[in-house]
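Can you make the complete structure from the sequences, with help from the hints?
Chains as they are written, first to last, in my numbering: chain Y, -4 to 471; chain W, -4 to 471; chain R, -4 to 471; chain X, -4 to 471.
Hints listed in this document are in silico derivations from the structure and should not be mistaken for laboratory results. Predicted model, so just to flag it, every value in this text is computed and none were measured. It cannot be assumed that every hint is accurate.
Because identical chains cannot be distinguished in the list, a pair is counted as satisfied if it fits within a single copy or across any two copies.
What the hints assert, rightly or not - Taking lysine to aspartate or glutamate pairs in the EDC-like style, the calculated list, with each CA pair at most 20 Å apart, reads:
1) K2 to E273
2) K407 to E435
3) K2 to D37
So the chains spell out like this:
There are 4 protein chains.
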Amino acid sequence: MGDVMTKPADLVIRNGRIVSPDGVVTASLAIRDGLIAAIGDDAVMPRGAETLDAAGCHLLPGIIDSHVHFREPGYEYKEDWGTGTAAAACGGVTTVLEMPNTHPPTADLDALGLKQAAARRQAHVDYGIYGLLDEHNLERLDSLAAAGVVGFKCFMGNTFGDLPAPSDGAMLEAFEIIARLGKRIVVHAENPSIMARRQALMEQAGRSDPLAHLAARPAICEIEAVGRAIRFAEWTGARLHIAHKSSKDALDIVRRAKARGVDVTVETCPQYLLLDSEDMKRLGNVMRVNPPIREPGHAEPLWQALHDGAVDMLATDHAPHTIAEKTDPNVWRCCCGFPGVETAVPLMLTQVAAGRLSLAHYVRLSAVNPAKAWGLYPRKGALQVGSDADIAIVDLAREGRVSAAALHSKSKITPFDGRPLKGLPVATLVRGQVVARDGELVGQPGWGRAVTQQMAAPAPRNTSWTSRAIVQSPRF
Amino acid sequence: MGDVMTKPADLVIRNGRIVSPDGVVTASLAIRDGLIAAIGDDAVMPRGAETLDAAGCHLLPGIIDSHVHFREPGYEYKEDWGTGTAAAACGGVTTVLEMPNTHPPTADLDALGLKQAAARRQAHVDYGIYGLLDEHNLERLDSLAAAGVVGFKCFMGNTFGDLPAPSDGAMLEAFEIIARLGKRIVVHAENPSIMARRQALMEQAGRSDPLAHLAARPAICEIEAVGRAIRFAEWTGARLHIAHKSSKDALDIVRRAKARGVDVTVETCPQYLLLDSEDMKRLGNVMRVNPPIREPGHAEPLWQALHDGAVDMLATDHAPHTIAEKTDPNVWRCCCGFPGVETAVPLMLTQVAAGRLSLAHYVRLSAVNPAKAWGLYPRKGALQVGSDADIAIVDLAREGRVSAAALHSKSKITPFDGRPLKGLPVATLVRGQVVARDGELVGQPGWGRAVTQQMAAPAPRNTSWTSRAIVQSPRF
Amino acid sequence: MGDVMTKPADLVIRNGRIVSPDGVVTASLAIRDGLIAAIGDDAVMPRGAETLDAAGCHLLPGIIDSHVHFREPGYEYKEDWGTGTAAAACGGVTTVLEMPNTHPPTADLDALGLKQAAARRQAHVDYGIYGLLDEHNLERLDSLAAAGVVGFKCFMGNTFGDLPAPSDGAMLEAFEIIARLGKRIVVHAENPSIMARRQALMEQAGRSDPLAHLAARPAICEIEAVGRAIRFAEWTGARLHIAHKSSKDALDIVRRAKARGVDVTVETCPQYLLLDSEDMKRLGNVMRVNPPIREPGHAEPLWQALHDGAVDMLATDHAPHTIAEKTDPNVWRCCCGFPGVETAVPLMLTQVAAGRLSLAHYVRLSAVNPAKAWGLYPRKGALQVGSDADIAIVDLAREGRVSAAALHSKSKITPFDGRPLKGLPVATLVRGQVVARDGELVGQPGWGRAVTQQMAAPAPRNTSWTSRAIVQSPRF
Amino acid sequence: MGDVMTKPADLVIRNGRIVSPDGVVTASLAIRDGLIAAIGDDAVMPRGAETLDAAGCHLLPGIIDSHVHFREPGYEYKEDWGTGTAAAACGGVTTVLEMPNTHPPTADLDALGLKQAAARRQAHVDYGIYGLLDEHNLERLDSLAAAGVVGFKCFMGNTFGDLPAPSDGAMLEAFEIIARLGKRIVVHAENPSIMARRQALMEQAGRSDPLAHLAARPAICEIEAVGRAIRFAEWTGARLHIAHKSSKDALDIVRRAKARGVDVTVETCPQYLLLDSEDMKRLGNVMRVNPPIREPGHAEPLWQALHDGAVDMLATDHAPHTIAEKTDPNVWRCCCGFPGVETAVPLMLTQVAAGRLSLAHYVRLSAVNPAKAWGLYPRKGALQVGSDADIAIVDLAREGRVSAAALHSKSKITPFDGRPLKGLPVATLVRGQVVARDGELVGQPGWGRAVTQQMAAPAPRNTSWTSRAIVQSPRF
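Below, the structure is given as structure tokens:
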């Protein structure tokens, strides 16, 4: 090196506490060309064209929310790529993976093209787009994968947008195809038949109160669907992701599958960890979501599962609707879901402050694990040299409250409204660019880019099942 | 007792080897009023109005075949209660449990009444009749139970008679109802959607050869359905019976469920133990059956499961069709199943002779366990004082061959045709009456009676699942 | 049979309720030449030279107590074969298996001969004699087996008679030898080193109160020894029996071993099911026994294990001492154990009356399972034709109280003294001879005989361990 | 930062491939004051007083060998702290944890002081020193912990130095004490009694050939001891480490214990992965080591365990002896063990080159996991800012051969002599100082320092055992 002068960095974030799953290091972090160029003791670091003093703050790898609904195209009155990613940016989230139950659903190249264009034009943060797996698009899965979907979503239960669940036959065949493509399949694991019948019974009985929704979707809906999805994954070798795990009852099914080597990852969401059906008595239909927020007694085992690895990650199921749609007093007409991408980080940091979770483990759950599951690591999910400079700078001491009215989503309603917070994002960087500061947007639409993906080689499986459909199918 | 003379018995079977699950005792057996009146050393036994010398033979509790299709009402050209029970009697079977996919299906009291009348008039052996569990008869399950069905059958996969599988919602609700009724639910555990799709693919590919049937029904069809049925049973507390287990692949699911205390019993059939898909190359469509007889490698684990208790019992799935129906060269048009009630005992005794199975364990699998599972024990399934004198007298040394032409079923076709046998029934007694001797019918139609049933109290369950649908349902 | 008159029986027991593990049958039972000659409806039964009316009573297979200490030779002041077997007879016990820690210990043919002579001369009930497995008698195990020991006892923990535990090396080698001999090895599974050290600590701390004994033998003593014995059995293929399971803590170790196919049987005793350390505060040192009766919370899981099969049988560990030996206020000087062979049946029948246990399952635990474990079945343990007419006639309605003073053992002290009973033996028959009636002895010393034994073939094992010591040893 | 000039680093290693368990990053690494000061893109890195071009090479966190015997004090003719740590440095090892079976054994403060002085004076790499856990030093464990031992070693089996195994009572009590102290207990898990007896049998049989040693120590020795140590750890809550796992047979015991939450870590060594008893036929007594290198069939499951986490780490059990001591033709007189600290890294890199192991996983096994297990992380075991600049620079393309004669240990004999290597250390840095280069020592004795340690808080345990010895002991 000798006589060569060190080049300046574009930005140096000085003296923050850099968090990884293995712990915390106080250091400065230099950014150049959107990448992390160096991490080091401030004394030896290059000067930066700009600097940002992070003393007292923590730097987390930019949070990845692998489960958001941004509603565009089709339902822009609920949300669009601009407002959705603005909410993400203000909430410390630097990468979102967006769900395909838009209109048209992301089931073919045309629909994907529409969504890619909308995202490219407006996104404040980086993004991936899921393709839909439905009854009728099996022959389009290859082209969707080639066009860059980050994974596939299979709605085993009915969902917003009136997308019917695929039949088991189509689902299994799709799993075979996607196993070959190497992509991960996200399942909304609820049994639609049981739910439909129970709901009809409830309606016949004249019930339309908030708790009727929970009564119509007992945990067996989730147990059955989780079990079925895991068997299909085990049979085909497909990578599986269980979205929004809401109940304790199928956790052992997951644990056993992992022990057998099935490549299954599981997410839960803040609402399942922090609320229960008792809150619904107070909050009413705003809490309506699928799967339902369950009786007291489920949250604690889900926390345990976050710690022992049965649940791999946190996401939000950000599902915006208008206030009117969320306040219909008839639970069956009230839309399901609520916004979450902006509130998840402060809600969970508040749990860190309360001692329920270490910051290092939060980073594992919210950045490292999703990045690995979708092949984004180490470009995303890591604060290390060469990674994208996606950073959530947070102040664990700063206090506040959730304000529904102040959300950057178009949806100004959340069951967390008014909830006290301790631990707030103070700046969000995407590829070196500050896109939000102190909860307000500072970036420009269109800065966000589609993620690039490299899935790891499949792990060896331990299943004892002899025959594999894939060798018997006349098609493959 | 003193001065009172011993009364004579109606019949004394002298010096046979009486088999129980715990071993073999040489003794005489006295019958009075259709019941076993005494078992004892010949020297102290009462005289009988008649005697039968069983020296050299074994007395087994009358074999119970809990899975037969006798086709009446509706398809009497395939079989009727007279021919079906004649075949049973000649095969050493003294109690049959008959399936509801007749025409009309046994889904309501009228249909049950028709079948009960046919059976009462013609049956040579005792019988139970299953009610159907289908999408539309949930409100009739109570009355069917009250009218004496021995259990319920749920065709999860499609079957002869074009009975569609009930939806999961109806199935779960029916399980809740039947859990309360205490009856056992038999499931044909195959996933219809996967099978339908695979079959369509095979047909599109121009295949109609015998092995196409197997290719259309990979073991995942069974794995999925077994898993789902067990979860529903675990959730509701219903008693479950898995019919005709054909593959090794879901045995561990069963073992784990049993360890958790789920009341699940499992049957397999001689065809899954003695044949494999290699035989189909030789025998062709005659072997078509649901679930299919699988590739080599499944039979051995099924034998193991018979020994370790994962599989509880043997039945036949006796499914008669005409020769024409069984010999259509297009596998999709060939009817599924073949007769078995007359051949099962000699086929399995031949296995006893070959050392694969002890006679005591055969008795457990073919008489004791089914009797206990359906609440017939000790009236059926036991050679002890006070039990019905249902007895299969067998000669383990006698040799023969399966002869399709000689079957007493209307269906004169079986994949076992010509197979050498060692160990044959020499006499079958139902409630003390000889109904068959040396493979020929000697009884009169109408001797058979409906079984009476007393289900044991449910065992404590070990499940960790908190909520039970039954407490949440608006109906119950 | 025709013209031959039925021969009379020696004794007919009329109209009792005959209990088997599978249920209860009301019938008469005829005995001839000491064997059960017939069981049947009273109307068809032979006349008997004598008759006994058992109406209202239950006939159980004679109870087998596989764990008694009769102290002779060497400690006849505590008990002898006459008093011990008299107590057994009066308590409904027809077969006892006696432990080798007498003086001389039953470690060689001379000592065995002494004990056989004493038993032959005095025994009121049938008996088996255990050989000792100790550090120094490995080369005598073959001859002991040939001379008829019913099994071997290995004191892993120290015991009465100051027999030191064998080293692990000797124990493992003995297991190899005994695996070849086919006998079952009973272990007293406590770790002597931990106990010795803890006791020394307690004594240093000045404690000699009753609960100090429990404090010196925490459950880890049992856990460790149970685990070690099972590993040695799994490695060598030896049949193992865990005596007097006292704690809940190693039950899962047993369950896993059974699932792997290790041939391990387990006993517990009434004192571990009916007492806990709280009782010791009231009863003091009389309750001192090894292993100790534990804290509240252990009995319930032991009951559960009796029901799910983790524990196979009941025995008593009948361990008589003089009143003076049992009332030393210094717990370390107080002798361990107390008499049990006479009180076990009424204590457990009282539990049957209270609904904790069915009579059928009690028979399984106390007669069938021990008979099978030691190769005595069906000669012992079964009320069926051809079996020894060993019968406990009991009246479930009869009430009474335990009276220490009235025990037929020389040891007139028991922690159960005064305990109310419901369900008493009213007659005990050994090979057709009434040896006790209404709790009083009516037989003659010397009627008891040594049992004959036929061990079943070993079950296939499921262990994954590759190498077996037996093939590597230079000796075998 | 603005106008502040970047300070120079002491050393900049340029353009190496920096390996972590999560992958590889090409970057430069700056060192200042012995710590890693920065990692970054070379373009933005500070200049260094010195630079080292690592292009084409990989930088691993300095390898930690948690199992070495350096023989001083007492057996300096075999090895001393100078030669032992020189060998470590030349082999890429930057931290060693040294075993207490020296003379005097490290069982009290005096002995520890002697060893600390020797190490301080001569060590080339950093080190930790284990205290001994033996029968007689329980009251010294606290003071040893206070004086800085890195953990405790318990020789359950006999070992070099004639240290007898502690009794179970002392061992359990020591586990209770050390659980409180928070240190990890390393066990040499072999059952001494079985081994002694088997060896005596072999000797009586006249065998003294190399394979006699293996025959005298069947895997049951290891199975039993591993099981016992785990039970004691589970009971007391002590942290456990199983040294030199040699057989496949107890891996499932470990897996189950980990699933229950027992804090048990396991190491294996290159000799158990790369050799088997077939090699002993060729190599003879040089391969004698405890536990023995086993029959073919054990290595593959150990590799599997390295991948699935049952085995946590690699160490060497570096056990130097003189050539004479290793070549006695009588296996019983031949000393056990051989040097390994210098050969382990190239042997395992050769496996990396062969594709059996990723470099990232090797780093986890050899640096990260041991650092975490002994509380050294992230000071050791990590290449991140603020960590000690302990670095093994390796060239995966460089080839060579093991040369016993060239070893820096005093012991010039190894079973790996002549073995081809691909992947060699090219430089070893300890706290920023190059201590070895191209396999030759360049550092000065005394540079090595004792490690400082911070054990993590204990994880919650999942055991169902109720009572804990610790609450019952009169002492604690």
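Structure-based check of all given hints:
no.	hint	result
1	K2 to E273	neither (58 Å within a copy, 59 Å between copies)
2	K407 to E435	within (16 Å within a copy, 68 Å between copies)
3	K2 to D37	both (15 Å within a copy, 9 Å between copies)
Of the numbered hints stated above, the single one contradicted by the structure is hint 1.
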